[in-house]
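Letter by letter, the chains look like this.
Number of protein chains: 2
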Amino acid sequence: MSEKPKYVEKETKRVDVWRYKKYMCKAKIIDIKTGKRIVLLNSKDATAHDIYLGYRTELKLGKKNTIVIVDTSNEMVKPGEVGIYSDAAEELGAKNGDTIEILHMNRPESIEYIKKKMDGKTLTPTEISSIVNEIMDGRLNDVETAAWVSGVYINGMSDDEIIALADATVKSGDKLDLGKHPVVDKHCAGGVSGNRTTMIVVPIIAASGIYIPKTSSRAITSASGTADTMEVLSDVTFSVDELKDIALKARGAMVWGGGMKLAPVDDKLIRIRNPLSLDPEGMLLASILGKKKCVGAEYVIVDLPVGRGAKINDEARAKELAKHFIKIGTEMGMKIEALITDGAEPIGNGIGPALECRDVLQVLEGTGPEDLKHKSCMMAGKLLELCGKASVGQGHGIALKLLENGKALAKMKEIIELQGGNPKVKSDSMPIGEYTYDVKSQVDGQIFHIDNKVISKIARLAGAPFDKGAGIYLHCLRGDSIRKGNNLFTIHAESEPKLGFAIKALENLEPIEMRKMILGTMR
Amino acid sequence: MSEKPKYVEKETKRVDVWRYKKYMCKAKIIDIKTGKRIVLLNSKDATAHDIYLGYRTELKLGKKNTIVIVDTSNEMVKPGEVGIYSDAAEELGAKNGDTIEILHMNRPESIEYIKKKMDGKTLTPTEISSIVNEIMDGRLNDVETAAWVSGVYINGMSDDEIIALADATVKSGDKLDLGKHPVVDKHCAGGVSGNRTTMIVVPIIAASGIYIPKTSSRAITSASGTADTMEVLSDVTFSVDELKDIALKARGAMVWGGGMKLAPVDDKLIRIRNPLSLDPEGMLLASILGKKKCVGAEYVIVDLPVGRGAKINDEARAKELAKHFIKIGTEMGMKIEALITDGAEPIGNGIGPALECRDVLQVLEGTGPEDLKHKSCMMAGKLLELCGKASVGQGHGIALKLLENGKALAKMKEIIELQGGNPKVKSDSMPIGEYTYDVKSQVDGQIFHIDNKVISKIARLAGAPFDKGAGIYLHCLRGDSIRKGNNLFTIHAESEPKLGFAIKALENLEPIEMRKMILGTMR
Numbered sequence: 358m359s360e361k362p363k364y365v366e367k368e369t370k371r372v373d374v375w376r377y378k379k380y381m382c383k384a385k386i387i388d389i390k391t392g393k394r395i396v397l398l399n400s401k402d403a404t405a406h407d408i409y410l411g412y413r414t415e416l417k418l419g420k421k422n423t424i425v426i427v428d429t430s431n432e433m434v435k436p437g438e439v440g441i442y443s444d445a446a447e448e449l450g451a452k453n454g455d456t457i458e459i460l461h462m463n464r465p466e467s468i469e470y471i472k473k474k475m476d477g478k479t480l481t482p483t484e485i486s487s488i489v490n491e492i493m494d495g496r497l498n499d500v501e502t503a504a505w506v507s508g509v510y511i512n513g514m515s516d517d518e519i520i521a522l523a524d525a526t527v528k529s530g531d532k533l534d535l536g537k538h539p540v541v542d543k544h545c546a547g548g549v550s551g552n553r554t555t556m557i558v559v560p561i562i563a564a565s566g567i568y569i570p571k572t573s574s575r576a577i578t579s580a581s582g583t584a585d586t587m588e589v590l591s592d593v594t595f596s597v598d599e600l601k602d603i604a605l606k607a608r609g610a611m612v613w614g615g616g617m618k619l620a621p622v623d624d625k626l627i628r629i630r631n632p633l634s635l636d637p638e639g640m641l642l643a644s645i646l647g648k649k650k651c652v653g654a655e656y657v658i659v660d661l662p663v664g665r666g667a668k669i670n671d672e673a674r675a676k677e678l679a680k681h682f683i684k685i686g687t688e689m690g691m692k693i694e695a696l697i698t699d700g701a702e703p704i705g706n707g708i709g710p711a712l713e714c715r716d717v718l719q720v721l722e723g724t725g726p727e728d729l730k731h732k733s734c735m736m737a738g739k740l741l742e743l744c745g746k747a748s749v750g751q752g753h754g755i756a757l758k759l760l761e762n763g764k765a766l767a768k769m770k771e772i773i774e775l776q777g778g779n780p781k782v783k784s785d786s787m788p789i790g791e792y793t794y795d796v797k798s799q800v801d802g803q804i805f806h807i808d809n810k811v812i813s814k815i816a817r818l819a820g821a822p823f824d825k826g827a828g829i830y831l832h833c834l835r836g837d838s839i840r841k842g843n844n845l846f847t848i849h850a851e852s853e854p855k856l857g858f859a860i861k862a863l864e865n866l867e868p869i870e871m872r873k874m875i876l877g878t879m880r
Numbered sequence: 358m359s360e361k362p363k364y365v366e367k368e369t370k371r372v373d374v375w376r377y378k379k380y381m382c383k384a385k386i387i388d389i390k391t392g393k394r395i396v397l398l399n400s401k402d403a404t405a406h407d408i409y410l411g412y413r414t415e416l417k418l419g420k421k422n423t424i425v426i427v428d429t430s431n432e433m434v435k436p437g438e439v440g441i442y443s444d445a446a447e448e449l450g451a452k453n454g455d456t457i458e459i460l461h462m463n464r465p466e467s468i469e470y471i472k473k474k475m476d477g478k479t480l481t482p483t484e485i486s487s488i489v490n491e492i493m494d495g496r497l498n499d500v501e502t503a504a505w506v507s508g509v510y511i512n513g514m515s516d517d518e519i520i521a522l523a524d525a526t527v528k529s530g531d532k533l534d535l536g537k538h539p540v541v542d543k544h545c546a547g548g549v550s551g552n553r554t555t556m557i558v559v560p561i562i563a564a565s566g567i568y569i570p571k572t573s574s575r576a577i578t579s580a581s582g583t584a585d586t587m588e589v590l591s592d593v594t595f596s597v598d599e600l601k602d603i604a605l606k607a608r609g610a611m612v613w614g615g616g617m618k619l620a621p622v623d624d625k626l627i628r629i630r631n632p633l634s635l636d637p638e639g640m641l642l643a644s645i646l647g648k649k650k651c652v653g654a655e656y657v658i659v660d661l662p663v664g665r666g667a668k669i670n671d672e673a674r675a676k677e678l679a680k681h682f683i684k685i686g687t688e689m690g691m692k693i694e695a696l697i698t699d700g701a702e703p704i705g706n707g708i709g710p711a712l713e714c715r716d717v718l719q720v721l722e723g724t725g726p727e728d729l730k731h732k733s734c735m736m737a738g739k740l741l742e743l744c745g746k747a748s749v750g751q752g753h754g755i756a757l758k759l760l761e762n763g764k765a766l767a768k769m770k771e772i773i774e775l776q777g778g779n780p781k782v783k784s785d786s787m788p789i790g791e792y793t794y795d796v797k798s799q800v801d802g803q804i805f806h807i808d809n810k811v812i813s814k815i816a817r818l819a820g821a822p823f824d825k826g827a828g829i830y831l832h833c834l835r836g837d838s839i840r841k842g843n844n845l846f847t848i849h850a851e852s853e854p855k856l857g858f859a860i861k862a863l864e865n866l867e868p869i870e871m872r873k874m875i876l877g878t879m880r
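Residue numbers (the working numbering), protein chains in the order written: chain A, 358 to 880; chain B, 358 to 880.
No lab work stands behind these hints, which were simulated from the structure alone. Hints are all accurate, no fakes.
Identical chains blur together in the list; that is why a pair holds if it fits in one copy or across any two.
Pairs of lysine to aspartate or glutamate, EDC-like flavour, derived with a Cα cap of 16 Å:
id	residue 1	residue 2
1	LYS393	GLU432
2	LYS420	ASP455
3	LYS810	GLU870
4	LYS393	GLU415
5	LYS797	GLU870
6	LYS472	ASP636
7	LYS421	GLU447
8	LYS473	ASP636
Please model the complete structure; the sequences and the hints are all you need to start from.
See below:
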């Protein structure tokens, strides 16, 4: 072995070889529906085969296969057995005693791209789409998905990355194609209690002859989402085909976005973003504009409420975000107008599903809170101008007319009926919670601030949004002068204990702040 | 209400009020040990009470309480019931039909600090300790913990933050206090196959009269960790008190760190860091130095292997890391010496628990691989010099003498016996896997590189570290000139299927690279 070394040219090939590692187990069906794809392996068995708690593994039976998460146990399954909960068993068609092949799953390729984003690098559209696809396939676990959200939150995304993410979001699910034009849509950044403009804008726009197949969300931390509120009047859970039927008939619809497979990857991310309230701007834009694209929207109004207690605190930030919405939306082929609105205080008087419905129906009937009516007509007017149905400056007038001549109310009733509700519904028949508590002012003074988050919290403690009748009715607005003993607001609940939670919380909360000089102290 | 507004001075107080929300359920004990604190609520019931899948909730029964994660089901539990798996039931002392109080848990306070780190800000020691405590209490879920790791990975930590994290890590568990001095320790950054210097350094140091109560880890992705390899010779799972007894008797011990409550927060983070191989430097330093502090170490040698295929790729990076170890260690009151070592290739011939043990025992018996022997004596020598037992330049000689005069072997046997093993063990009685496969060179040439990661992968496919006899025996070293047909390495396994996995993987892997010009191509 002492002669001159030789050169041996051979290209290096890197393939994931864990795949070769597999073993056979006898199925033990566990008759419990978990809603998750989990299997139980005997702890010792699993270790011997290099499989650990929380690992993703592939199960094969004949030609069927499924990806599952491994749980381990010594009590439930013996060595040589695999415990399969009924969900995965159905998917595999597995029966007790079947021989199941257990394979190591290849490391999901998108893990590399998540790491790349965490390292501050820019991802290609293919890499982004790989991440979205592997989230959809259940190949990425919670920890990996959390790292993805964290990476995007901290390092941000370029406009190209955002567009790629929006595209991948659109491709992750179904699409609505009405085959009609124009299709318009609206979006609100949220955070303002009682802000149910959608339920007035949609009937106005549909009454004008424009298509607006609106999907909305349910509340996550607020007292009610548009879908929760609309649900007081009709069903909101429909398939894409059903939404199409409704929208083709009435030109408008108001359904729950989570009930169909439009941009479903977004629903998977909510559980991850929620605990830390992580809303990375890029993900927000991709998610919102992706969803608008999914329903075929060509013209979109974006409502960005700004102010103390709103999601966006200052106008400069709102303007930046507005520009970003317009830029990304335009590149995606949509025409966007962003409205920066006053979001410091709740809109309307009612907060909570039924109480909000009452405000909405009152506005459509010709009465109701002025602020809700005005904002809704402003937004509908802007939409009419944006899509060319009204010339600039004329939109608000047209919208107001459709409201005042009863056409919007008639349209609302048509939509309610198509969505399975009672078209004869009136504002005075709303199922408002009968357990009530009046909160009175303990001082003379002027209303300085009504806090959206605190109001939401109280409404939620009282049972909203699950208890449709629970919530808050505000008797006053910012700027009102108040006498000691005047009613500030009333809490409504459907049960005495829940009313009790809300009342008790008042000891530590300040939902309505009177005018004062010292806003806080530090030491 | 038209008079002049008044000022009302009142301080704002913010308290978490979700706590008020609670409800009562009848316990339904589910006789399954899950190892986790999970309860099942009826889906509809949960939603009605504003509790969702994955939420943390507190259960109360009399004066006992526990924090659990909520799972939901319609099949397993009826409305008004709470399904409690046997683990949590025992903790609460709950029986079927007991009335359990279910409370919303306050939002963990450390979530705010995790967000603060993600926003690029610096945390105070109190904030860091709050995060560590809430991880330990099970108050933070996987998603939140992943966000913490991601935030630290991307934004880094200041030295003060690292020290605070190390302190919190130490406080999270038990401590070893031998009441003797000096106590020394060693740490290796890892990634080098077969690098079992600990099992030679510990007996040498203990034989010299210095205390070295060594805790080691098990393999995560490699073929074997020191704890896995030592386990061939004796038990490695001991309590802190048992470790104290062994170390006071023999002055040295080699136990599994994960088996006791030394810095246990670290074990909780491994499951989070592992899937993405996230090893933020700050966490790494806090974890390693925290563990050394826990065993009372005053003098510590840190081995930083560098090279192609090692964890650290270049020397500049290794030097930076070395400085950081020294700085943080010094501030924590320890004397640190960092050794930058050649980590490009495996050390010794055996890779896998029993094969490594054979190398170690051979070195102690006076034969064995030269590289392993030399590196171990170098490290032991440095430790002796660092703690003042040897003057500078004399350490290596003293270590070599303790090896050659058999004192280190005698000490090893003493430790093996104290840890419940057979002190008469010899290198030729190791349980090497009997299913073997020789890999021969297909060309004439010179060994250019032996890849640690690929070697580990093959050993692991063959069954290591669970199958103690599985692994690889290397017949050649970097630089050796090889003839076509010469043995490069032998794969050992304890079963034919596992040997098969390893052999099949060879089709796609290049564990040993012959000298070549083109190292890779791109297009």
